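Novice: Okay, here's what each chain looks like letter by letter:
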Amino acid sequence: MKSAVLVFPGINRERDMARALKLASGHEAKMVWHAETSLPNGTDLVVVPGGFSYGDYLRCGAIAARSPVMDAVRDFAAQGGLVLGVCNGFQILCESGLLPGVLMRNARLKFICRDVHLRVERSDTPFTRGYNAGQVIRVPVAHGEGNYEADEDTLKRLEGEGRVLYRYCSADGLVDENTNLNGAAHSIAGIVSERGNVLGMMPHPENHVEDIMGCTDGRGLFAGLVAHLQQAA
Amino acid sequence: MKARVTVTLKSGILDPQGKAIEGALRSLGVDGVASVRQGKVFDIELAGADKSRAEAVLKEAADKLLANTVIENYRVDVLG
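Protein chains in written order, with our numbering: chain A, 1 to 233; chain B, 1 to 80.
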């Protein structure tokens, strides 16, 4: 799996992401500066990592979403290429129009930095095939604007088409108001595009991939992507 | 030519920041505030002097960047 990790001013999770990608695939990820107008040849996966691109000025992800490299990412996605956006990366994908909806300020206004449980809603996608449907995984979140919102029609479409892949839940998989840490509509933690090749999620699977991190639940996402690409090849 | 673009949240969109400000005003004893919605104001200096062109430029700026029309409305005022 050849990965390209986008780098914007103010991004700070690109090295964590590159490490997780190397661990899963054996390949060193290429770092791609935001001013580039093309992606490296043979890219299998584009990752938009977390951080605070452009200091969250204007709206989270708004300025990064308009940078030159994003035109190349839009073309890549239009051809069916896999794109993963985590945290600020999810915000950037929403602002760039690659995913519907928007990430608003957390309902209780606090920046939330802790482990959360996620329920994997289905296992038949490139982004979840490393897990079982209904499986509960533990991964960290670190965000102030993770409250996913979209209009009623969009939410209905996302649910109807099975495009909600990850939802905030309790340790035993229960989804309710108490486990919805940031007020997101339908407890949404991660969604895919209509074609299923672009995933945006607020939690950080790349930070739970090695024993030293205390948990390896995030590995399944990357292992699943590697398996998907090996099968496709 | 000076202009102003005002960006506001669409009605029905939850505004936790506005709610927090509303609560702070109440705790400061500022009476008579029913509700607060927070928005943004952009004061923009335009290079040309053509008013109709100015409006088109500002609308383009708002649509492309200043507002996220999923959740926000905007108003364009050319101040002259």
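A couple of the hints might just be wrong.
[Claimed, not checked] Simulated crosslink set (BS3-like; lysine-lysine; CA at most 30 Å straight-line):
1) A/K156 <-> B/K2
2) B/K19 <-> B/K64
3) A/K156 <-> B/K51
4) A/K110 <-> B/K19
5) A/K110 <-> B/K51
6) B/K10 <-> A/K110
7) A/K110 <-> A/K156
8) A/K156 <-> B/K10
9) A/K2 <-> A/K22
10) A/K30 <-> A/K2
11) B/K10 <-> B/K51
12) B/K19 <-> B/K51
[As the list claims (entries may be wrong)] Simulated restraints, written as ranges between beta carbons of each label pair:
13) B/I21 <-> A/I112: 32 to 40 Å
14) A/E161 <-> B/A34: 52 to 60 Å
15) B/G12 <-> A/S193: 23 to 31 Å
[Stated by the list, open to error] Which chain A residues stay away from chain B? Per the calculated CB distances, all over 10 Å, these:
16) W33
17) F52
18) N106
19) F111
20) N147
21) A171
22) I212
The set of hints was computed from the structure by calculation and includes no laboratory data.
This structure is a prediction, so every number in the text was calculated from the model and none was measured.
In this text, a Cβ means the ideal position worked out from N, Cα and C, and glycines have one as well.
Novice: Next, verify each hint and record whether it holds.
Specialist: Do the hints match the structure? See the list:
Restraint check for A/K156 and B/K2: the C-alpha separation of about 43 Å exceeds 30 Å, so the hint is violated. With a C-alpha separation of about 28 Å, the suggested pairing of B/K19 with B/K64 holds against the 30 Å cut-off. A C-alpha spacing of about 42 Å is found between A/K156 and B/K51, which places the hinted pair above 30 Å, so the restraint is violated. Restraint check for A/K110 and B/K19: the C-alpha separation of about 14 Å stays at or below 30 Å, so the hint holds.
At most 30 Å may separate the alpha-carbon atoms for a hinted pair to count; A/K110 and B/K51 exceed this at roughly 43 Å. In summary, the hint linking B/K10 to A/K110 is supported, as the alpha carbons are separated by about 23 Å, within the 30 Å threshold. Annotation: proposed proximity of A/K110 to A/K156 holds, straight-line Cα distance about 28 Å (limit 30 Å). Distance hint between A/K156 and B/K10 is fulfilled; the C-alpha atoms sit about 20 Å from each other, no more than 30 Å.
For a cut-off of 30 Å, the pair hint linking A/K2 to A/K22 stands: about 9 Å separates their Cα positions. Annotation: proposed proximity of A/K30 to A/K2 holds, straight-line Cα distance about 8 Å (limit 30 Å). About 27 Å separates the Cα atoms of B/K10 and B/K51, which keeps this hinted pair within 30 Å; it holds. Simply put, B/K19 and B/K51 have alpha-carbon atoms about 37 Å apart, too far for the 30 Å limit, and the pair is violated.
For B/I21 and A/I112, the hinted distance range of 32 to 40 Å is not satisfied, since their beta carbons lie about 21 Å from each other. Take A/E161 and B/A34: their Cβ atoms lie about 40 Å apart, and the range 52 to 60 Å is violated. The hinted range of 23 to 31 Å is satisfied by B/G12 and A/S193, whose Cβ atoms lie roughly 25 Å apart. Distance check on A/W33: its Cβ is at least 21 Å (rounded) from any Cβ of chain B, clearing the 10 Å threshold; non-interface status holds.
Residue placement check: A/F52 keeps its beta carbon more than 10 Å from all beta carbons of chain B (closest about 18 Å). Consistency note on A/N106: stated as away from chain B, yet its beta-carbon is not over 10 Å from all of that chain's, at 7 Å minimum. Against chain B, the non-interface label of A/F111 holds: every CB pair exceeds 10 Å, the least being about 13 Å. The claim that A/N147 is not at the interface with chain B is violated, since a C-beta of that chain comes within 10 Å of its own (minimum 8 Å).
The claim that A/A171 is not at the interface with chain B holds, since no C-beta of that chain comes within 10 Å of its own (minimum 27 Å). Against chain B, the non-interface label of A/I212 holds: every CB pair exceeds 10 Å, the least being about 36 Å.
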